[in-house]
Amino acid sequence: MAGSVEYIVRSRKVFTSAAGERGPRELAFAVQDGRFALVGAPDDVIAACPAGTPVRDLSDAFICPGFHDAHLHFFHTSVGSSPFMLMYMGKNEAELVERTKEFAAGLPDDAWVVTQGWRDYRWDPPVPPTKKSIDEAFPNRPCAMYSGDAHTLWFNSRALEELGITRDSVPPKGGSYDKDENGELTGIVREAAAMELLPRVLGWLSDERIQQAYADQMARMAEQGITSICDMSLMPHPGCDFIRDDVYEALANDGRLTLRAHMFPTLLEDQSRLEEMQARYAESGAFGGLLRAPGFKQFFDGVSSQHTAYLTEPYSNPHFPGDRGRLTIPAEHMRALVLAAAERGHAVRIHTIGDAAIHEAISIFAEAKQRFGKPSQGRNTLEHLENMLPGDIQALHAAGVLASSQPCHITLDPGGPERDLGPERVKIMWPFASFLAEGVDQAFGTDSPVTPVTSMNVLYTAVTRQDSFTHAPTGGWLPSERIPMADALRIYTAGSAAAAGREDELGQIKPGYLADYVVLDHDLTTCAEEEIQSAKVQATYLGGACVYER
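Residue 1046 in our numbering sits at position 80 of the sequence shown, and the numbers go up by one each step.
In case anyone wonders, no lab produced these hints; they're calculated from the structure.
Some clues are possibly wrong.
Unchecked claim - Calculated pairs, BS3-like style, for lysine-lysine (alpha carbon to alpha carbon, straight line, at most 25 Å):
#: 1; residue 1: LYS1098; residue 2: LYS1057
#: 2; residue 1: LYS1067; residue 2: LYS1098
#: 3; residue 1: LYS1139; residue 2: LYS1067
#: 4; residue 1: LYS1057; residue 2: LYS1067
#: 5; residue 1: LYS1476; residue 2: LYS1502
What the hints assert, rightly or not - Between beta-carbon pairs, the in silico distance windows are:
#: 6; residue 1: GLU1128; residue 2: PRO1092; range: 28 to 34 Å
#: 7; residue 1: LEU1355; residue 2: GLU1333; range: 16 to 22 Å
#: 8; residue 1: GLU992; residue 2: GLN1178; range: 39 to 45 Å
#: 9; residue 1: GLU1061; residue 2: THR1492; range: 18 to 24 Å
By construction, the Cβ of each residue, glycine as well, lies at the ideal position given by its N, Cα and C atoms.
Based on the provided sequences and hints, a complete structural model is requested.
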């Protein structure tokens, strides 16, 4: 073998994430220049390598490719886990406000009070909040409470004043400033209006604070066996995507970047932001080869719990006659954006939750494929895909569209799908098994900070369709859509690599592929379902180098 081999790893339980693989095998692999140089029977690999090459015999340890979170928002995940933001839902409005007062006591003097996690439909009582309670708690300090689904902000009066929002302010299209029966602001700001304001809410965070939050979050993710992420634009407004390429680049230059970051900025008429990043990262050896910008992100609707996901038929519990949500941008505008990106070879990933939004997006992608072929890198992808029309699973496959889901969303709102959509429409929700049966390519992620970045929870919920905390319902929600662990692992590794356009070099233990792998103390393919979450990562490797060891 030409060149030096750094080391050889052997184990009786190596899961490579190859297509059709059902369980681990006894294998060895050699690591050279950050990639898997050889993979095969242990004696054959050892014999093919130079004499004296170190051999690490891991016995029965379970080895698989590094996990790849295909959809998260890294800025908010990192800041939300830092001392600068409280991640907490609260039992009700009053309890959350009291907890926030305790948290705020330790904030720097220049900081806003910011939390994320409230979900009024899960409170007791399930009553929407107003600014009154946080006005009393923080009369002189701006406070912004970000909802758990990341689509709504709840402000106190001081924050509204700082932001210049009054009862006469006109919200941007696709958003709202809620008012009470007297026309006074309640403090609740929704969808596009909330997204537009969020950068100003967090403007007090210095680059130094953000870089440290990123580095700390990467360390936590290495403990979870996560070696790659897709960092998705949070909002569709120019300058508001929270894709901080500058922070990643600073950490890479300092040798502090311990995962592969794939960035997806917002798709706008001006495509230069993506293309400038692609040019920088294409340079040989740039930023250690850890950064990529595979494509764009766009947003087509909202969320079902707020009746902003776009449905074909009205919600089962309509807020008004004909209530079926809305598109965030007109369908013709989305079509024009996607076709313009496709013409330049760029992939697009679109937030679609309601069945009407999904159906329209598939049609747009089908036209893009017919006119311009496949993207030059990345995959045209739909994000979330919560409820679907009959026939649209097959249409996804025909259009070559990848389905990117977040398994822990399944049980995020117990009873919510039945409440909002009724018994018939919930039959086609997060249909992982049906996707497999129809040959639809899939990727898994967390949508963090909407759900925690916890790799074993992702796998547990995909396999059981039970909540990762309560373990309800018994037998799983829509149990016919449960999938085997081997498929869940492949989707969470090779599938997510495909969503990032790197299926030819990432997500499998295969010769020539990047040596990103994780060592666990449980064979995930054979252990009992109740043991999945107790599996512990023993070590995580990025490009053959250890970035975490237990």
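Okay, the hints, checked on the actual structure:
no., hint, result
1, LYS1098 / LYS1057, "holds (18 Å)"
2, LYS1067 / LYS1098, "holds (14 Å)"
3, LYS1139 / LYS1067, "violated (34 Å)"
4, LYS1057 / LYS1067, "holds (15 Å)"
5, LYS1476 / LYS1502, "holds (24 Å)"
6, GLU1128 / PRO1092: 28 to 34 Å, "holds (30 Å)"
7, LEU1355 / GLU1333: 16 to 22 Å, "holds (18 Å)"
8, GLU992 / GLN1178: 39 to 45 Å, "holds (42 Å)"
9, GLU1061 / THR1492: 18 to 24 Å, "violated (42 Å)"
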